[in-house]
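Reading the sequence shown from the start, the letters are residues 1 to 1277 in full-length UniProt numbering.
In case anyone wonders, no lab produced these hints; they're calculated from the structure.
All clues given are correct.
Distance windows between CB atoms, simulated:
{"#": "1", "residue 1": "P1165", "residue 2": "W804", "range": "35 to 45 Å"}
{"#": "2", "residue 1": "V1087", "residue 2": "R1047", "range": "39 to 49 Å"}
{"#": "3", "residue 1": "D1160", "residue 2": "V1087", "range": "22 to 32 Å"}
{"#": "4", "residue 1": "R565", "residue 2": "A89", "range": "48 to 58 Å"}
{"#": "5", "residue 1": "V1087", "residue 2": "G1010", "range": "31 to 41 Å"}
{"#": "6", "residue 1": "G680", "residue 2": "F380", "range": "21 to 31 Å"}
List of simulated lysine-lysine pairs, DSS-like, C-alpha gap at most 30 Å:
{"#": "7", "residue 1": "K136", "residue 2": "K628"}
{"#": "8", "residue 1": "K187", "residue 2": "K564"}
{"#": "9", "residue 1": "K627", "residue 2": "K207"}
The beta carbon of each residue, even a glycine, is placed where N, CA and C say it ideally should be.
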Amino acid sequence: MARIFLFLYDFFQRRKPLFWAVFLGLFALLGAGASRIELEEDITKFFPDDPRVEELNYVFKNSKFVERMVVMVSVKDSTTAPEPDSLIARAEAIAARIDTDLKPYVKQMVTRVDDEKVMEVFRAIQTQLPIFLDEKDYRQLDSLSRPENVQKILNENYQQLISPAGVALKRIIVQDPLGFSFLALKKLRQLQYDENFELYDGYIITKDHRHLLFFIQPVYGPSETGNNTKFIAALNKIVEETTPAHSPVMASYFGASAVAVGNANQLRSDSMLTVGLMVVLLAVLLIGYFRKKRVPFLILIPVLFGGVFSLCCIYLLKGTVSILALAAGSVILGIAVNYSLHFLAHLKHTHDVKVVIKDLVAPMTLGSATTVLAFFCLQFANAAVLRDLGLFAAFSLIGASLCSLIFLPHFISAQMFPAHVEEEGRIERMLLKFESPKMMVIIILLATPVFLYFAGRVSFNSDMGKLNFMHEETRQAQERLEKVNKASLSAVYVVSTGRTLEEALRKNEQATPVLQSLKEEHALHKFSSVSLFLISDSLQRVRIARWNEFWSAQRKETVIATVKREATALKFSQTVIGNFDQLITKTYQPASSEDMSGIRAAFFDDYIIEKDGRATVISLANVDPAKKPFVYKQLERTPAQSFDRQMLTNLFVEYVHADFNFIVTFTALLVFGALFLSFGRIELTLITFVPMFITWIWILGIMALAGIEFNIINVMVSTFIFGLGDDYSIFIMDGLQQEYAYGRKNLPSIRISILLSAATTIAGLGVLIFAKHPALRSIASISIIGIVCVFIMSQTLEPYLFRWLITNRTKKGFAPMTWVGILRTGFTYGLFVLGALLLTLIGFVFRLIPFGKKKIKIVYHTMIRYITWSLIYFEPTVKKRVIGRQPDTFSKASVIIANHSSVLDILLSTLLHPKLILLTNEWVWKSPVFGGVVRLADYYPVMEGAEEGIERLQARVDEGYSVVVFPEGTRSEDGKLRRFHKGAFFMAEELKVAIQPLLIHGAADAIPKGTFYLNKGELTLKFLPRIEPNDPRFGTTYSERTKGISRYFKQEYAALAKAIETPDYYAYRLISNYLYKGPILEWYMRVKLRLEKNYEPFHRMIPLKATILDLGCGYGFLSYMLQFLSPDRIITGVDYDEDKIETALHGYARTGRLNFFCADVTQFPLEKYDVIIISDVLHYLETNAQEALLTRCFEALNPGGKLIVRDGNADLKERHKGTKLTEFFSVKLLKFNKSVNALNFVSGQNLTSLARKHGLKVAQQDDAKFTSNVIFVFEKN
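Let the hints inform the model, and build the full structure from the sequences given.
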């Protein structure tokens, strides 16, 4: 992939006008698309997509009582006597100013209840009385119409008419002398939602006469803060001027618009403050480090490009985006800043733009891809704003990463960071302290379980109100209002929806009786329902029928006659009598919507929403919070929906919690999978991923301990922190891999860029801690915690794990560990420790048995043998083989001498036979794990001296026990045999027993000295013939026998090693040499080894002692294999590809006898060599260059030397097609090999002719079946 970006860099670098045309044209095109996107300001985009939430949001957005502002005029001093008239006077003054000054902003203002509205209701009732009466009313109607009560009622009403009563009341009596209409009219009381209020001269006032309320309906909705800012400022001025400080009355106001304006103003002022601080801090930080004033502007180029690119993509996909998502997404652009920082920091380190592009392509594309995938996971969220955030962030990072690699390099001149030797800076010295972070790693290991314990206690703040800012005056107004209007604290909305108002009313009528029943059961305090006065057509017909049924002809006649008689006696006018007669005898029809428009406009317009082809009727119930579950359960039986703000909160928490858990889990799995596919090794994936996982545990734990809660805002920021952690971890891993694979010291510049990134992000988000707005402050706290944790983990834990697994071992010459090897080692040592503890316990029990000591000893040694046997043979990846063991090998006692290079030697010895006594050194004797077994088995500690132990060992020898001795005394560090000490041979002479030589091969490769890690390998034990005490071949004294047997032992071991150590044996070591250097390289190497049969053919052709030149060595596979197979080979590898040579040079298995050079093979100066290898190289050269190279090689051979050429033979026409196909994949498709020229495959006949011309013998080896690859061996006489 680096080749693509390097090609683009070179292409545009040579065509600067074209570059500017492409960049500016593309930016303009993206900008045009971005400018057309429609911004959504809907706050409800925060909430999940749920029918209940949508319904409640619909009610809140369209119902007038939600937008209504309350103005409350109150008595200041609670000790003074209430004066309602003074409250009314002050309220009228405020209302007058509002009516004069705020007309553009006020749609409607309600200061008092108009008597005319009551009369409007009465006229509707009188006109259509039957439709307003329910069954309960008929029981009272029956009582009112009885003759004995008619006289009494008429007399009372007569007294009202002649008294100074209200005009409205007199009008009602004139129209309805028996007061039947009052049965319906008194239902207006149920619309009084809170019993703490009453009417005083038409004004709504509290019963203690200390507070007066009136209402304002603003023209603009709460979200239109631009216009409302002017409105609130003017309203505030009116309140201050009409209620001065010395006044006994004060006024305050509260409503959604006031809260929204305060919120917006505080956000604006906080943003100006924090942005100013951020700009200053970032400028000082970046200019201070880079020493270039234009660096901040360069860093912003990919950020701006990414933002425009994202908006254009979203426009093409859906056309709209939530402005809330953009606000949160602007924080996410902090990740995009990283790309510029990485580029500039690395450029300051390397001073070469092309090197920077080459080094950053892999980590930047991988980091961007994984973070982009993580943000795309937000498409599974239930909240629309999170989905928009995911799209905006993902596309922004795509655009920023592409801009950083394609366009940013052309904004940087070659002289920006001139190449010169720089003194190590203070930042670099500080970061060097992280190179050996053992103490920090210990702290991490100790703190992580603690944080994990507390992590589950992090709570989610679901109260959206706490994310809003309120000025103190607004908060106090809210508290005063809630004190006098407690009903608002437990409001339940009962919503009935239909395609038409008629349908909605029918559904509401089914809910109203349930509400009435709940009220009678004291499950709710009060409720208000439009169904008391706005009746559906179907119910109207039912009630009219009930009226007609009640007023039978006889009842009508009796009541009308009684009223006429008594009314005449009281001197009521005939008009009054006629009105009553008409009320009873009138033929009623269902009222039309026009008939009810007056009553609806007077009292019920706020409870009805008719919009978008649907009608919604709202009833309000005042419910005790403890009884809400019961109320909801009862209302489930109705077609209406019921919910409250707390239900919205609960749903919000439920969905966010589910979204958060799902997205975190799914994102983690997705990132893990992407890392695994990229690295190709589970080990590197875990090293990269585990710090991210632990970082998350730390963040949650610290938040829980500090009492910091999650909310919808900082949950979005947490995705940003996860993206940063992902980015940091990938870049650190790339730096570690670059250093391990190629020896490139890029890690310091990566560390610096990460430090700058963390510092700039903290500067950008941390300054929000100075904000007063709670949402902004919540971002600051989690940002600082998260970024510090991410930085610490990436700088300490990840390098530590990489070095523990890989480089700390390879520096000592050991193979890097693998997860299979770790499991293998853990399983083996687990069995070992378990077996040792079991044997120790059994040994102590056996020691308590007072009889049969010899038999018990045999049983104990047999148990030791089978447990050690199981340890060795239960490991399937280590092959085992025993050679030369005879039936009588252990028939009589002997001194068994074995070479010692591994801890496995002890186990391999003890598994051979029960009757064995080992000589052990001090650390084995005192081992806390298996020291007890050693002591209980009567093994002999050598620190006591061989002479002192003869008598003790003689007793065991007499019992048939053989003594196992490692004559080297200590383990060999490199597997080579050391000098034999005389003790074993002195012991054999004194004990008068034979010496049994035992060769142990492969143990040093399985578990070498200096490590406990168990490698894959092959263990071979070979018994040599027993050497009897009287055998004179090796001398007569123990000193002579020491030298003779040592010489014999080493000769036999060398012969055994030569037979075993074949290319197949060393294949695992060769593979280990190239582990963790890239998945493609590892895959290529494994395939190459299989195709080359582990280079067995080359090994057979080349002497074990030779000076070898490998021209076109590539990654050095063949060169390393030839080195493994013989330490007497001096090998030089040459290749044109610098990356391959750097990889070959930095293999952990390379010794001083193996070297590599990056050079053109046609120009490399040749010395004298015993063997020259040209494998799969000639076809990359032109024909004349091929001949010239071969001629030079012929001349560089020593007498008897060999030139080995392996290449495609163009003479083999059919098979040659297969060779061409493999080269197409290697050169053209996978770009694994570089080729400057067209491919020129050699002719076997031409090669033979050229060799004979120079006097060389030619031999061919043709083992290929599907390709034309042939090995030509040219031997110099």
